[in-house]
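**Q** From just these sequences and the hints, can you work out the full model?
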Amino acid sequence: MKASLNARTIIVALVVAGLLLLPVYTTLSGNVFGLTLFTRIIIYALAAASLNLIMGYGGMMSFGHAAYLGIGGYAVGILAHEGIGSGFIQWPVALAASALFALVIGALSLRTRGVYFIMITLAFAQMAYYVASGLARYGGDDGLTIYKRSDFGGLIDLSNRVQFYYLCLGCLFGGIYLIWRIVNSRFGMVVQGLRSNERRMQAIGFPVNRYKLVCFVIAGTICGLAGALLANNTDFVSPAAMYWTRSGDLMVMVILGGMGSLFGPVLGTIAFLLLEEALSQFTEYWALIMGPLLLLIVLFARGGIDGMLGRARRG
Amino acid sequence: MLLVVEQFLNGLQFGLLLFLLAAGLTLVFGIMDFVNLAHGSLYMMGAYFAATFVVWTGSFVLGCVLALGATLLLGILLEFVALRHLYGRDHLDHVLATFGLILFFNDAVRLIWGPAGLALPLPPWLTVPFQIMPGVYYPAYRLAIIVVALLVALLLYLVVMRTRIGMLIRAGASNREMIGALGINIKLLYTLVFGLGAALAGLAGLMQAPILTVQIGMGENILILAFVIIVIGGIGSIRGAFLAAIFVGMIDTLGRAFLPDLLRQILSSAAASTAAPALSSMLIYLLMAIVLVVRPEGLFPAGRR
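One line per chain: the protein sequences are A and B, in this order.
Okay, so the first sequence: first residue is 1 according to the working numbering, each after it adds one.
Okay, so the second sequence: first residue is 1 according to the working numbering, each after it adds one.
One should not assume that every hint holds.
To be verified - Dumping the calculated SDA-like pairs for lysine to any residue here, alpha-carbon to alpha-carbon at most 25 Å:
1. B/Lys-187 with B/Leu-212
2. B/Lys-187 with B/Val-148
3. B/Lys-187 with B/Leu-259
4. B/Lys-187 with B/His-85
5. A/Lys-148 with A/Ile-84
6. B/Lys-187 with B/Leu-77
7. A/Lys-148 with A/Thr-27
8. B/Lys-187 with A/Leu-296
9. A/Lys-148 with A/Val-115
10. A/Lys-148 with A/Cys-171
11. A/Lys-148 with A/Phe-236
12. B/Lys-187 with B/Asn-175
13. B/Lys-187 with A/Ile-297
14. A/Lys-148 with A/Tyr-166
15. A/Lys-148 with A/Ala-96
16. B/Lys-187 with A/Leu-299
17. B/Lys-187 with B/Tyr-87
18. B/Lys-187 with A/Ala-96
19. A/Lys-148 with A/Pro-92
20. B/Lys-187 with A/Arg-302
21. A/Lys-148 with A/Gly-83
22. B/Lys-187 with A/Val-115
23. B/Lys-187 with A/Pro-292
24. B/Lys-187 with A/Phe-300
Calculated directly from the structure, the hints in this document are not laboratory data.
These numbers were taken from a predicted model, which means no experiment stands behind them.
**A** Printed below as a string of structure tokens:
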């Protein structure tokens, strides 16, 4: 992270300032919708940033990342349904459940490479989807309504839109700071080395799979936090949150923003969800434009938004 | 006994249908090294084309033939306009681009045919039950699917193993650069293979259409199944795809049919009826996970590149 004044630094600074000041604007103008929209964007940006940690820095193309959104969400939803409303219990459980899931599927999936890895992570996420669909006690296919948001005592009131927005934003910045620290640590350097040349790293003597697994679990845990936030944001959690197209959305957000760039996923998520919102205002058939647009981005704009902002020191 | 035979045939029929879909996918993957998520969209387009053309022409067979041709052309067009520029790129680029195509096709279908599903009625001569054993009847149409799919599988085998084109396809699967260097028009071969894959997906879609409703998103669930099959079978291997498809079709169908009763033996009936559907949906993914853990390259890995 060189702090020189270039297009990237300016854009990132503007976006950060914009996100920080947004509630001021929406409160003054009474634009509740804008605040809800951006709360959603920020939560997805956190999920995308966690995916970027394994996909962009670690070279692990997980096609099942939405599973953690669902697991984090269901942890909150199920505990709330059973009468445990305290966020101090719900959220750690959400994180722990996501970490455990990541540990199990990571240990199995990381035995495979390339497309096989893409497919096996997809398969595990679909399994989670079907498990959630089968939870008849918790709504099954129809999903589970959360009647009361996580209760953090007097500390913070999640029902207050502005407070909730700043909580989400804090989680996003915290998540990105954590990822930044990880990427620039010795651990992060090893993981990025694995992306470049796994065989060489193994020859040097690093326990390759253990490093990858730890990275995979960290990313899953961060995404589980996004899941807990998302469930609180919509007061609802359903199997659809884990469906494979949702994992595809997350991948699109990361690639659109630029893989292996710290703020790329945030920019990508903002671009993707705002575009989706704008196009769906304009026409019911927004995907008719979005689909070919994605194709064009892949064909002509490699490196995503971050790539357009000039060459970066990757990682 | 009757039920067992019937479910067994259903499993075979579903498996063969999955094979048609997986064969195209594994060909495209094995030869062009291209991950095509939009394969399910071609399956859907085949079904929609069939539903339209059968009404237009008034003939089931003629409509299906036209639909097959239309899917073939659509596949070739798609390859020519967009996808050929993506060969040799990162797999992730393929995933993203074809994910965009799925979005596009779903909304295009919604725009053209409307959000409600279509039905493709069968002609009377295909609705009669067929006596396969004394006292055992099976729907003629499902039997027809089995026969057609087996014939196509045989044809595919003959084309790939016995003709010059097939030789090129196999050569392309084992070493792409080399057959290009030997002066083969590799671009034409790629377009041809993609068209073939699209036609196979369209065939699967149009044959499935009279059994299920023709609807948006019908290709997505089955696409994942097809991916599971080629991963289990070993990417690029048609033989692996065939065996894995039959296996997956059987497990899925038999699991759905008999798992609830089996679970009822051990669990309370209420618990069984909630657990069984989820468990039978999971069976295939569980199978794939086990296969990949034991043999990370699939059961029948194609020749190493």
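**Q** Each hint needs a verdict: does it hold in this structure or not?
**A** Verification of the supplied hints:
For the hint linking B/Lys-187 to B/Leu-212, the alpha-carbon distance of about 37 Å lies beyond 25 Å, and the restraint is violated. Restraint check: the Cα-Cα separation between B/Lys-187 and B/Val-148 comes to about 30 Å, which exceeds 25 Å; the hinted pair is violated. Restraint check: the Cα-Cα separation between B/Lys-187 and B/Leu-259 comes to about 48 Å, which exceeds 25 Å; the hinted pair is violated. Taking the CA atoms of B/Lys-187 and B/His-85, the gap is about 11 Å. The hint holds against a cut of 25 Å.
For the given pair, A/Lys-148 sits about 10 Å from A/Ile-84 by alpha-carbon distance, which is consistent with the 25 Å threshold. Note on B/Lys-187 and B/Leu-77: the hinted pairing holds, with a Cα-Cα distance of about 13 Å set against a maximum of 25 Å. With a C-alpha separation of about 24 Å, the suggested pairing of A/Lys-148 with A/Thr-27 holds against the 25 Å cut-off. For the hint pairing B/Lys-187 with A/Leu-296, the CA-to-CA distance comes to about 21 Å; that is within 25 Å, so the pair holds.
Using a Cα cut-off of 25 Å, the hinted pair A/Lys-148 and A/Val-115 is violated, with the two alpha carbons roughly 41 Å apart. Simply put, A/Lys-148 and A/Cys-171 have alpha-carbon atoms about 21 Å apart, close enough for the 25 Å limit, and the pair holds. The straight-line distance between the Cα atoms of A/Lys-148 and A/Phe-236 is roughly 10 Å, inside the 25 Å bound, and the hint therefore holds. Using a Cα cut-off of 25 Å, the hinted pair B/Lys-187 and B/Asn-175 holds, with the two alpha carbons roughly 15 Å apart.
With a C-alpha separation of about 23 Å, the suggested pairing of B/Lys-187 with A/Ile-297 holds against the 25 Å cut-off. Restraint check for A/Lys-148 and A/Tyr-166: the C-alpha separation of about 19 Å stays at or below 25 Å, so the hint holds. With a C-alpha separation of about 21 Å, the suggested pair A/Lys-148 and A/Ala-96 falls inside the 25 Å cut-off, and the hint holds. As the CA atoms of B/Lys-187 and A/Leu-299 are separated by approximately 18 Å, the hinted pair is consistent with the 25 Å bound.
Distance restraint check for B/Lys-187 and B/Tyr-87: the Cα-Cα separation of roughly 10 Å lies within the 25 Å cut-off, and the hinted pair is therefore satisfied. For a cut-off of 25 Å, the pair hint linking B/Lys-187 to A/Ala-96 is broken: about 50 Å separates their Cα positions. A C-alpha spacing of about 18 Å is found between A/Lys-148 and A/Pro-92, which places the hinted pair at or below 25 Å, so the restraint holds. In summary, the hint linking B/Lys-187 to A/Arg-302 is supported, as the alpha carbons are separated by about 23 Å, within the 25 Å threshold.
A hinted pair counts as satisfied when its Cα atoms are at most 25 Å apart, and A/Lys-148 with A/Gly-83 qualifies at roughly 10 Å. As the CA atoms of B/Lys-187 and A/Val-115 are separated by approximately 23 Å, the hinted pair is consistent with the 25 Å bound. For the suggested pair B/Lys-187 and A/Pro-292, the alpha carbons sit about 23 Å apart, so the restraint of at most 25 Å is met. The hinted pair formed by B/Lys-187 and A/Phe-300 meets the criterion: a straight-line CA distance of about 21 Å does not exceed 25 Å.
Of the numbered hints listed earlier, those contradicted by the structure are 1, 2, 3, 9, 18.
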